Amino acid sequence: MGCDLTVRLVANRCGGQNKNSILLCMLSRWVLDNMSLKKFPITGHSLMPPDRVFGNIEKVLKKQEVIIRPEDYIDIIAANATITKMRDIQMLDFRTAAKEVVKPTARWPFKISECKRFLLKRSKTVRNVLIRGELHFNSDTCKAVNLCKTGKKTNMILPTTVPLGAPMNRAKITDVDALLKKHFGAEWETNAECQFYLNIIRSPVIQEGDSEREEDNNDNYCECRDDTVDLRI
Numbered sequence: 145m146g147c148d149l150t151v152r153l154v155a156n157r158c159g160g161q162n163k164n165s166i167l168l169c170m171l172s173r174w175v176l177d178n179m180s181l182k183k184f185p186i187t188g189h190s191l192m193p194p195d196r197v198f199g200n201i202e203k204v205l206k207k208q209e210v211i212i213r214p215e216d217y218i219d220i221i222a223a224n225a226t227i228t229k230m231r232d233i234q235m236l237d238f239r240t241a242a243k244e245v246v247k248p249t250a251r252w253p254f255k256i257s258e259c260k261r262f263l264l265k266r267s268k269t270v271r272n273v274l275i276r277g278e279l280h281f282n283s284d285t286c287k288a289v290n291l292c293k294t295g296k297k298t299n300m301i302l303p304t305t306v307p308l309g310a311p312m313n314r315a316k317i318t319d320v321d322a323l324l325k326k327h328f329g330a331e332w333e334t335n336a337e338c339q340f341y342l343n344i345i346r347s348p349v350i351q352e353g354d355s356e357r358e359e360d361n362n363d364n365y366c367e368c369r370d371d372t373v374d375l376r377i
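Per the working numbering, the very first residue in the sequence shown carries number 145; after that it's consecutive.
No lab work stands behind these hints: they were computed from the structure.
Just so it is clear, the structure is predicted and the values come from calculations on it, not from any experiment.
Note that CB positions come from ideal geometry on N, CA and C, so glycine has one too.
It cannot be assumed that every hint is accurate.
To be verified - The calculated DSS-like cross-link candidates involving lysine-lysine, where the alpha carbons are at most 30 Å apart (straight line), are:
hint: 1; residue 1: K287; residue 2: K206
hint: 2; residue 1: K268; residue 2: K229
hint: 3; residue 1: K325; residue 2: K243
hint: 4; residue 1: K316; residue 2: K243
hint: 5; residue 1: K255; residue 2: K316
hint: 6; residue 1: K296; residue 2: K325
hint: 7; residue 1: K203; residue 2: K293
hint: 8; residue 1: K260; residue 2: K287
hint: 9; residue 1: K293; residue 2: K316
hint: 10; residue 1: K206; residue 2: K247
Claimed, not checked - Quick list of simulated restraints, FRET-style, between CB atoms:
hint: 11; residue 1: T228; residue 2: R314; range: 41 to 49 Å
hint: 12; residue 1: L263; residue 2: D319; range: 40 to 48 Å
hint: 13; residue 1: G309; residue 2: A288; range: 36 to 44 Å
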């Protein structure tokens with residue numbers, strides 16, 4: 145959080161990824177910590193190299209009839225891009241931090257799903273960041289507001305480190321086991337190529353009650369678009 149870091153953001157048209165309170169929470173913390181945003185591509189005028197990388201990887205994958213080991217995927221991706229493994233970097237839980245500090249989107253003074261731009265600026269008086277949601281690309285008509293809960297400030301956004309690994313649902317483990325038995329037989333556990341999946345089968349399991357409670361406790365971090373019957377281009 146306190147390191148010298150250059151942040152480069154690339155946004156596409158996916159509202160679920162770009163228009164949610166978790167992302168704005170993370171950016172607010174970075175703005176407060178003076179992390180430098182050097183470049184932000186302009187919609188319609190920016191090349192997104194990852195699209196070309198994905199295309200090159202997909203060409204190779206289509207020629208592979210069977211891929212069993214994760215290492216095979218890693219080798220193909222490494223030939224086209226830089227590999228960064230999750231266990232080698234620190235992952236911060238901004239989701240929980242957003243829930244504790246930032247208001248739910250239903251209480252925001254603007255509809256996040258309708259905004260084209262979000263402008264963040266540090267407050268002059270307190271350790272806080274104000275956010276302005278604009279409905280258009282070329283006009284500034286809205287006011288920057290504080291989106292933190294009562295008694296909360298942006299400097300209270302202190303994400304913890306996400307631990308490695310995650311328990312799996314029993315249904316997923318059952319599906320993996322059935323698929324391996326179909327392809328390698330009932331004795332698939334003795335196959336050296338399947339040791340990665342053996343670790344998955346033996347991983348901790350999420351209890352059904354815990355999974356349901358987790359879903360019930362999740363707030364809406366982004367707004368769902370209303371269904372429309374008209375055609376829009």
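Verification of the hints:
| no. | hint | verdict |
| --- | --- | --- |
| 1 | K287 / K206 | violated (50 Å) |
| 2 | K268 / K229 | violated (39 Å) |
| 3 | K325 / K243 | violated (42 Å) |
| 4 | K316 / K243 | holds (28 Å) |
| 5 | K255 / K316 | violated (36 Å) |
| 6 | K296 / K325 | violated (53 Å) |
| 7 | K203 / K293 | violated (48 Å) |
| 8 | K260 / K287 | holds (15 Å) |
| 9 | K293 / K316 | violated (37 Å) |
| 10 | K206 / K247 | violated (45 Å) |
| 11 | T228 / R314: 41 to 49 Å | violated (31 Å) |
| 12 | L263 / D319: 40 to 48 Å | holds (45 Å) |
| 13 | G309 / A288: 36 to 44 Å | holds (40 Å) |
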